[in-house]
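Chemist: Letter by letter, the chains look like this.
2 protein chains.
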Amino acid sequence: MLRLNETIETIEPLDNEAMRLTQRRLDSLTKPQGSLGRLEEVAVRIAGITGKYIPDVPKKLSVLMAADHGVVVEGVSAFPQDVTMEMVENFIKGGAAMNVLSKHVGSDLWVVDIGVKGDISGKKGIIHKKIANGTSNMAKGQAMTRDEAIRAIEVGISMVVQAKDQGYGLIGTGEMGIGNTTASTAIVCAFSGLPPSEVVGRGTGVDDEGMKRKIETIEKALDVNRPDPNDPLDVLSKVGGLEIAGLAGVFLGCAAMRIPVLIDGFISGAAALVAYKLKPLAGEYMIASHLSMERGHRIELDMMGLKPLLDLDMRLGEGTGAALAMGIVDASIKIIREMATFEEAGVSEKE
Amino acid sequence: MLRLNETIETIEPLDNEAMRLTQRRLDSLTKPQGSLGRLEEVAVRIAGITGKYIPDVPKKLSVLMAADHGVVVEGVSAFPQDVTMEMVENFIKGGAAMNVLSKHVGSDLWVVDIGVKGDISGKKGIIHKKIANGTSNMAKGQAMTRDEAIRAIEVGISMVVQAKDQGYGLIGTGEMGIGNTTASTAIVCAFSGLPPSEVVGRGTGVDDEGMKRKIETIEKALDVNRPDPNDPLDVLSKVGGLEIAGLAGVFLGCAAMRIPVLIDGFISGAAALVAYKLKPLAGEYMIASHLSMERGHRIELDMMGLKPLLDLDMRLGEGTGAALAMGIVDASIKIIREMATFEEAGVSEKE
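These protein sequence lines are chains A and B, in that order.
Number 1743 marks the last residue of the first sequence (the numbering used here); no jumps.
Number 1743 marks the last residue of the second sequence (the numbering used here); no jumps.
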């Protein structure tokens, strides 16, 4: 199950019987019915995904894909392109926000070079899966070939295969790539038909002048490439990114292998949207971790009918929102595993 | 600092210099400025409370106060009064949602009998501080005497003194008491002037008939008692509860002893509001953990100018929302403690 088509064909609906049994158990626990709100909803979803009505507390993994974007030459980012590689170093050394938060929730972290510009093949602590030295400038032509997009997706799928082999039961998605809010905005515009001015945000913090350039650049990329919204691989290869393709593979792989997967912010959401467009059923395996300040994120989640768990005004990416939400997912599973029923506890039920 | 007046007088403003230094450090870390949103806001607040610009990761404690309410004879709850005591048993045995969630976030849990109806003085695993066998029926007269209210507040203060002695650095508030959403609604109505029909919620889940009775009972209690909104102890003693008084003491004690304290849901919020009315500065030491489904909760938080961290459609109480938010508070502190600066990591700054 390492190939894209095979993976897509493997994806099946959630296990309704497991969900029904989980709901029944939740209703028997010593609390007013439904009073744990979205924790109960998450527990039921995890049961449907895993097929276990009392799910295991999962071994957790965050997969962080890093890649560069040719479009940065248009001046769409507040940070220089070198920051992608410098931040990869920072992840290896453990100094980034994602290191702190994944450690905080007990998640392992895999950093994948799927398209960083420059040779870092000698570096330890990275999973080396480079498809290309960044994408080409999408304002001038397509960002990558269709074949590169498929290979990048299959890297993501292969990460999930390895994760499953190693016993991981919950996967978070993260990314690093200067310029990737520009690519994500173009993807959302391509699928939704919305103009860039209604989707774009400030990313890492461009000023008004930079915002204007960013909008014009995305308009140009859409105009030059004319991505076909009915062909998700066309959208992805023309205006996407290698880390976005890789994460789309993670979402598809998780759906195929029945592992719950957390969407992080706007870029991770663009990858989720590509996966969802390739196979709408994949959306049932996704949990929206948080709502990013980057306004296009809400558009993505609405398109997939997902509601975020957290809303903490975050806009960092890297998988930080997904990591924080892992603590909530764990809590929901522990509720179903560890709470006493009314009968066990000898507590009187509702009159 | 065990007496109410003395405690109130001890409460001082936050440490602005510590907050300024924390903000400066946050801005030097390897992330776009402000991109961790409310995590950064919480880190700054903790610095202001503790006076340490790089706060320690705190030893965590949840204080759960249990008490009964005479008003339940009016038929305002979906569960029988015995459930208060039965749930105290459940807390001791570890089967309640609060046991699961406090363990999940690494918080200790103190269960305090401050007014459970019936003798449980022989039970182990409880802190015995009973002021009375529940309150009197507030629909007929005042719930407790002013002296009882003050003594219950001072129990809460004494819990914080003990907690500080034992090195706790973050305190969550929780409660158990069949009938306590009725008392909390009456408190909010007394302070805000809003009619019960605009504040009341379904509590543990009363039906439409029960809601009608609940509203009428609160109207009657306010009419019979005429609590004076300018005298918080008058409101508390006439239409409050012993666990609400105890938690008001926890809030005041934390403000006096500079320990960050988490508001849980609607009942904990009513206690916070009493503390805030006694000393508005105490509100600066409070962190609103989540937004309860019980609609009066938002009214309370708005009155204190607080914004909840989580919104997970929960309405269980016990301190469950505060416990979940402890994970977020810890994360915010670890960010400031563990992340690398741009300089340390050799990452290029914004152009």
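Treat each hint with caution, since some may be false.
Each pair may be met inside one copy or between any two copies, as identical chains are not told apart.
[What the hints assert, rightly or not] In silico DSBU-like cross-links for lysine-lysine, where the CA-CA straight-line distance does not exceed 30 Å:
1) 1495 <-> 1742
2) 1444 <-> 1521
3) 1444 <-> 1495
4) 1495 <-> 1532
5) 1671 <-> 1444
6) 1515 <-> 1495
7) 1726 <-> 1604
8) 1699 <-> 1726
9) 1532 <-> 1516
10) 1726 <-> 1485
11) 1451 <-> 1742
12) 1742 <-> 1515
13) 1495 <-> 1604
14) 1699 <-> 1556
15) 1495 <-> 1699
16) 1521 <-> 1671
17) 1699 <-> 1516
18) 1532 <-> 1485
19) 1515 <-> 1451
20) 1532 <-> 1726
21) 1515 <-> 1612
22) 1495 <-> 1612
23) 1612 <-> 1485
24) 1516 <-> 1612
25) 1556 <-> 1671
26) 1742 <-> 1521
27) 1515 <-> 1444
28) 1516 <-> 1671
Keep in mind that the hints were calculated from the coordinates and are not lab data.
Given the structure is predicted, the values throughout are model-derived calculations rather than measurements.
Chemist: Give a verdict on every hint.
Modeler: Each hint, compared with the structure:
1. 1495 <-> 1742: Between copies only: 27 Å across, 41 Å inside.
2. 1444 <-> 1521: Cα proximity of residue 1444 and residue 1521: none, with 33 Å in one copy and 44 Å across.
3. 1444 <-> 1495: Both, since 27 Å and 23 Å are each at most 30 Å.
4. 1495 <-> 1532: Answer is neither: 41 Å inside a copy and 55 Å across each miss the 30 Å cutoff.
5. 1671 <-> 1444: Answer is within: at 23 Å inside a copy they meet the 30 Å cutoff, but 51 Å across does not.
6. 1515 <-> 1495: Answer is within; shortest intra-copy Cα gap is 22 Å, inter-copy 39 Å.
7. 1726 <-> 1604: neither (48 Å within a copy, 36 Å between copies)
8. 1699 <-> 1726: For residue 1699 and residue 1726, both the intra-copy (22 Å) and inter-copy (27 Å) Cα distances are at most 30 Å.
9. 1532 <-> 1516: neither (35 Å within a copy, 74 Å between copies)
10. 1726 <-> 1485: between (32 Å within a copy, 16 Å between copies)
11. 1451 <-> 1742: neither (37 Å within a copy, 36 Å between copies)
12. 1742 <-> 1515: Between copies only: 25 Å across, 61 Å inside.
13. 1495 <-> 1604: Close neither inside one copy (38 Å) nor across copies (50 Å); limit 30 Å.
14. 1699 <-> 1556: within (26 Å within a copy, 39 Å between copies)
15. 1495 <-> 1699: both (25 Å within a copy, 27 Å between copies)
16. 1521 <-> 1671: Within one copy, since 24 Å is at most 30 Å while 59 Å is not.
17. 1699 <-> 1516: neither (37 Å within a copy, 43 Å between copies)
18. 1532 <-> 1485: neither (36 Å within a copy, 67 Å between copies)
19. 1515 <-> 1451: Within one copy only: 26 Å inside, 38 Å across.
20. 1532 <-> 1726: neither (51 Å within a copy, 43 Å between copies)
21. 1515 <-> 1612: Neither: 36 Å inside a chain and 73 Å across chains, both beyond 30 Å.
22. 1495 <-> 1612: Neither, since 41 Å and 53 Å both go past 30 Å.
23. 1612 <-> 1485: Neither way: residue 1612 and residue 1485 sit 38 Å apart in one copy and 64 Å across, limit 30 Å.
24. 1516 <-> 1612: neither (39 Å within a copy, 72 Å between copies)
25. 1556 <-> 1671: Only inside one copy: residue 1556 and residue 1671 sit 21 Å apart there, 55 Å across copies, limit 30 Å.
26. 1742 <-> 1521: between (57 Å within a copy, 28 Å between copies)
27. 1515 <-> 1444: Classified as neither: same-chain Cα gap 40 Å, cross-chain 38 Å, threshold 30 Å.
28. 1516 <-> 1671: Neither. Shortest intra-copy (35 Å) and inter-copy (56 Å) distances fail the 30 Å Cα cut-off.
Hints 2, 4, 7, 9, 11, 13, 17, 18, 20, 21, 22, 23, 24, 27, 28 from the list above are not met by this structure, while the remaining hints are.
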